[in-house]
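Asker: Sequence:
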Amino acid sequence: VSRADAVMVHGRGRWSLGVLAAIAAGACGFPRREDLDTTALEAFLRASRADRLVAVTAVGRAEALPVVTGNLDAHFRADRGWACVAFVFPTREALGDEVLRPLAQRCFVLRWPGAGWGQFLRLLSPPLVAHF
Numbered sequence: 213v214s215r216a217d218a219v220m221v222h223g224r225g226r227w228s229l230g231v232l233a234a235i236a237a238g239a240c241g242f243p244r245r246e247d248l249d250t251t252a253l254e255a256f257l258r259a260s261r262a263d264r265l266v267a268v269t270a271v272g273r274a275e276a277l278p279v280v281t282g283n284l285d286a287h288f289r290a291d292r293g294w295a296c297v298a299f300v301f302p303t304r305e306a307l308g309d310e311v312l313r314p315l316a317q318r319c320f321v322l323r324w325p326g327a328g329w330g331q332f333l334r335l336l337s338p339p340l341v342a343h344f
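When we follow the numbering used here, the leftmost residue of the sequence shown carries the number 213, and every step to the right adds one.
If you're looking for bench data, these hints aren't it; they were derived computationally from the structure.
Treat the hints with caution; some may be incorrect.
To be verified - Restraint-style ranges between C-beta atoms, simulated for each label pair: (1) E246 <-> V279: 29 to 35 Å; (2) H287 <-> L333: 16 to 22 Å; (3) P339 <-> G282: 31 to 37 Å.
This structure is a prediction, so every number in the text was calculated from the model and none was measured.
All C-beta atoms, glycine included, are put in the ideal place defined by N, C-alpha and C.
Just need the whole structure built from these sequences, with the hints factored in.
Answerer: Now the structure itself:
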């Protein structure tokens, strides 16, 4: 089952057990949590002395970065008690590290190619963010 097949089946409102099992097994090309090393993210969150946390989910286009960094500067600055985590889903080839530098200066950036915003948010488990 391909990722496109799974999306098309869902789009028609007919999830089959076979498609759901394939998605759960990672056979559709959806990123799997086990494939992601979150050690640095967990260390960043545990070491943070900030009072609050903002998560920028699903950064995917270079054109959006000025808006994201502008909002961070206006509302979520570190000197105002905010820690920031930004989740990026394109590959390095599609959205390079140099392009992300302005975001990386403000946030901990975690790249997980192909992941959606919901997968990113699941990484922020209650025990990991309880002190915010």
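Asker: Each of the hints needs a verdict: does it hold here or not?
Answerer: Structure-based check of each hint:
no.	hint	verdict
1	E246 <-> V279: 29 to 35 Å	33 Å, holds
2	H287 <-> L333: 16 to 22 Å	19 Å, holds
3	P339 <-> G282: 31 to 37 Å	32 Å, holds
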